[in-house]
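There are 2 protein chains.
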Amino acid sequence: MSIPSRVRLIDVGPRDGLQNEKTPVPAAVKIELVHRLQQAGLKEIEVTSYVSPKWVPQMADNHEVMSGITRQRGVAYSVLTPNLKGFESAVLDRPDEIVVFGSASEAFSQRNINCSIAESIERFAPVVEAALAAGIRVRGAMSCTVGCPYEGDIAPERVAYLAGLLQGIGVQRVDVADTIGVGTPRKVQKALEATLQHFGIDEVSGHFHDTYGQALSNTLAALELGVWNFQSSVAGLGGCPYAKGATGNVATEDVVYMLQGMGIETGIDLDLLIDAGAYISDFLGRKPNSRVAVALLTRRKH
Amino acid sequence: MSIPSRVRLIDVGPRDGLQNEKTPVPAAVKIELVHRLQQAGLKEIEVTSYVSPKWVPQMADNHEVMSGITRQRGVAYSVLTPNLKGFESAVLDRPDEIVVFGSASEAFSQRNINCSIAESIERFAPVVEAALAAGIRVRGAMSCTVGCPYEGDIAPERVAYLAGLLQGIGVQRVDVADTIGVGTPRKVQKALEATLQHFGIDEVSGHFHDTYGQALSNTLAALELGVWNFQSSVAGLGGCPYAKGATGNVATEDVVYMLQGMGIETGIDLDLLIDAGAYISDFLGRKPNSRVAVALLTRRKH
Numbered sequence: 001m002s003i004p005s006r007v008r009l010i011d012v013g014p015r016d017g018l019q020n021e022k023t024p025v026p027a028a029v030k031i032e033l034v035h036r037l038q039q040a041g042l043k044e045i046e047v048t049s050y051v052s053p054k055w056v057p058q059m060a061d062n063h064e065v066m067s068g069i070t071r072q073r074g075v076a077y078s079v080l081t082p083n084l085k086g087f088e089s090a091v092l093d094r095p096d097e098i099v100v101f102g103s104a105s106e107a108f109s110q111r112n113i114n115c116s117i118a119e120s121i122e123r124f125a126p127v128v129e130a131a132l133a134a135g136i137r138v139r140g141a142m143s144c145t146v147g148c149p150y151e152g153d154i155a156p157e158r159v160a161y162l163a164g165l166l167q168g169i170g171v172q173r174v175d176v177a178d179t180i181g182v183g184t185p186r187k188v189q190k191a192l193e194a195t196l197q198h199f200g201i202d203e204v205s206g207h208f209h210d211t212y213g214q215a216l217s218n219t220l221a222a223l224e225l226g227v228w229n230f231q232s233s234v235a236g237l238g239g240c241p242y243a244k245g246a247t248g249n250v251a252t253e254d255v256v257y258m259l260q261g262m263g264i265e266t267g268i269d270l271d272l273l274i275d276a277g278a279y280i281s282d283f284l285g286r287k288p289n290s291r292v293a294v295a296l297l298t299r300r301k302h
Numbered sequence: 001m002s003i004p005s006r007v008r009l010i011d012v013g014p015r016d017g018l019q020n021e022k023t024p025v026p027a028a029v030k031i032e033l034v035h036r037l038q039q040a041g042l043k044e045i046e047v048t049s050y051v052s053p054k055w056v057p058q059m060a061d062n063h064e065v066m067s068g069i070t071r072q073r074g075v076a077y078s079v080l081t082p083n084l085k086g087f088e089s090a091v092l093d094r095p096d097e098i099v100v101f102g103s104a105s106e107a108f109s110q111r112n113i114n115c116s117i118a119e120s121i122e123r124f125a126p127v128v129e130a131a132l133a134a135g136i137r138v139r140g141a142m143s144c145t146v147g148c149p150y151e152g153d154i155a156p157e158r159v160a161y162l163a164g165l166l167q168g169i170g171v172q173r174v175d176v177a178d179t180i181g182v183g184t185p186r187k188v189q190k191a192l193e194a195t196l197q198h199f200g201i202d203e204v205s206g207h208f209h210d211t212y213g214q215a216l217s218n219t220l221a222a223l224e225l226g227v228w229n230f231q232s233s234v235a236g237l238g239g240c241p242y243a244k245g246a247t248g249n250v251a252t253e254d255v256v257y258m259l260q261g262m263g264i265e266t267g268i269d270l271d272l273l274i275d276a277g278a279y280i281s282d283f284l285g286r287k288p289n290s291r292v293a294v295a296l297l298t299r300r301k302h
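First to last, the protein sequences are chains Y and L.
Under full-length UniProt numbering, the residue at position 253 of the first sequence is numbered 253, and the numbers go up by one with no gaps.
Under full-length UniProt numbering, the residue at position 90 of the second sequence is numbered 90, and the numbers go up by one with no gaps.
What the hints contain is simulated information worked out from the structure, not anything from laboratory work.
Treat each hint with caution, since some may be false.
Since copy identity is lost for identical chains, a pair holds within one copy or between any two.
[To be verified] 25 Å max Cα-Cα, derived DSS-like pairs, lysine-lysine:
| # | residue 1 | residue 2 |
| --- | --- | --- |
| 1 | 22 | 301 |
| 2 | 43 | 244 |
| 3 | 43 | 54 |
| 4 | 54 | 244 |
| 5 | 244 | 301 |
| 6 | 244 | 85 |
| 7 | 85 | 301 |
| 8 | 22 | 244 |
| 9 | 54 | 190 |
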C-alpha cells in the first residue's frame, strides 16, 4: 500500500479544544489563535459552535469570533450546529462547512443526547438539508468509533451503521473519531474500513485522541489505508473529559512532525504552528500538551 | 507484511532510565523495581552498569543491586560494561547478558567517548571475547541511528557500518536506538533495514525515544518489518539529556497497551506493570511519564 503523498489537516483547537477549557477565553484570543493557525498554513479550522450558551458557555461568543476573523482565501472555516436554531444563527456568519454529529455507541448517544443513534441522525436531517440548500458543505463527526466509556469496544458494524445513516441524510464527509483514545492500529483500521463502505477515501478523516499515546500510530495505520484527512488540535487543546488530567485530542504539532519526517506534504510551517500553540498555551497558563512543542520550545531556549 | 504475533520487551528502566535521574535512588528501591517488573511479566531487564562511579554515581551500587535481586527463572538480567575492568566486576555478579555500545554518528562518538566509531568498537573486542568465553551473551546498543544532536540526520549506511563492526567483534544482537527521538516511521525503517544487513530479524531490537511523541508509530513501522524485540522504560524513566524537560525512553506501559490492543502477545500484565511504574514514580515524586499510566491511574481513582 502506498502512503498518501500529502495530507490535509483540520485543526479543531478553537472549537473542540477550547470547548472543554475551564479558563474563559476572550473572543479576541480565539480570533488571534485562528489567525495564527491560518498563518501557519492550516487550510481548515473548526472555529466555534452554535449551541445554547446554557450548555456550552465557552462558545457563547460564536458570532463575535466568526465575524472577527480576517478570512484567508483557500481556508475553510467550519462550525458545529447541533440543531436548526443553531444553524440559522450560524448561516448568518457564513461558515464554509457545518458539522453535525452522531455516536457509534447507543449507550453514549442515550447518555449524551438522550435519544437513539437513529433518532439523533433524523433530527439532523433538516439541518443538513438547509445547509446544502444554502450551498454550505456538511461534515459528520462520528464519535466513539472504537470504544465507548459506557459500552467498551464498539463493533465496526456499528460504525458502518452510523456512516450509512449520515450518508443517507446527505452528509458529505465524515470524521472517524476515537473519542476516548482507546484505539490501536488494527481497531482503528477496522473502524475506517467500515466507514469506507459508505464514503470515498477523500471523504473520510481520522480524528484520534492521545489519551493512551496511540494517536500517531493510529494515524500511521490510517495513512496505510490511504486516508489523508486528519483532525488534530493545536497544543493538544481539549483534555479528555472521561479521564480528567489525561490527554485528549492529538496535538497538531505532533502529527505534522511525523508527516514531515515521512516526506508527506502538509503545507504547514511547524515553527509558526508551534508559535500558535505557545500563544494559546501561554494564555491558559500551561505548557502545550504536545511532545514536539515541548521538545522544540526547550531547544529554542538553549 | 504480516506483523509478528508476539513481542519481547526489554525494560531498560533500572539502568538506562535511572542513570539520568538526579534524585539518588537507593539499591533497595532499584531491587524492588526489578522485582516488580519481573512480577509484571518482563523477561528481560537491563539492571545496572559497571562503569566508574566517578562518571555515573547513580550506578555505583551495581553489585548490591545485582546480588540483591531474587532471580526468576526465564528472566534475563543484562548489565552495561563499558570496558574490561567493568566486565571483570560484572562477571562476578553473573549477568545473563552484557551490553556494549557504539554510535552511528562520528561526531557523537568523538564528543561522547573521545574516539572514532571504529576505535570504540575495537576497544570492546576484548570485552566481547571475555564475555563469550564466560558463556555470557553480548548485546550491542547502537546509538544515534536516525539523528545525532551534533550531526543531524544519520545516513542508513552509517548504521550498516556500525552494525558490521559490532557483528565483526562477535556481538550477538543489537539495539537500533533513536537516541534523540527525532525518528519517524520511514527513517526508522531505513535504520533497521541497514542493521538487518548484518543481523537476523530475531537479533535486532528497536529502541525508540518519545521526545517528539514518535516512539509508538516507529514501533508500528518496525513491527511491519518483522522486528519483534523492543526496548522501553517503565514509567518512561530517563528524560532526554539533549532536551531538558522533554521525554526520553518510550514508556513500557504505552508500548504494551498498543501491542495488546493489536492482539500481539507480550506476556505482560499491564496492571502490574502500571503498579511498578507508579512505585518508582512515587519514589521520584512525580507522575509516570506514560500516557497510558496517567490515564489508567486516573480511571482507577474514579
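Report task. Go through the numbered hints given earlier and state which of them the structure violates, listing their numbers in rising order. Result -> Per hint list: 2, 3, 6, 7, 9 violated.
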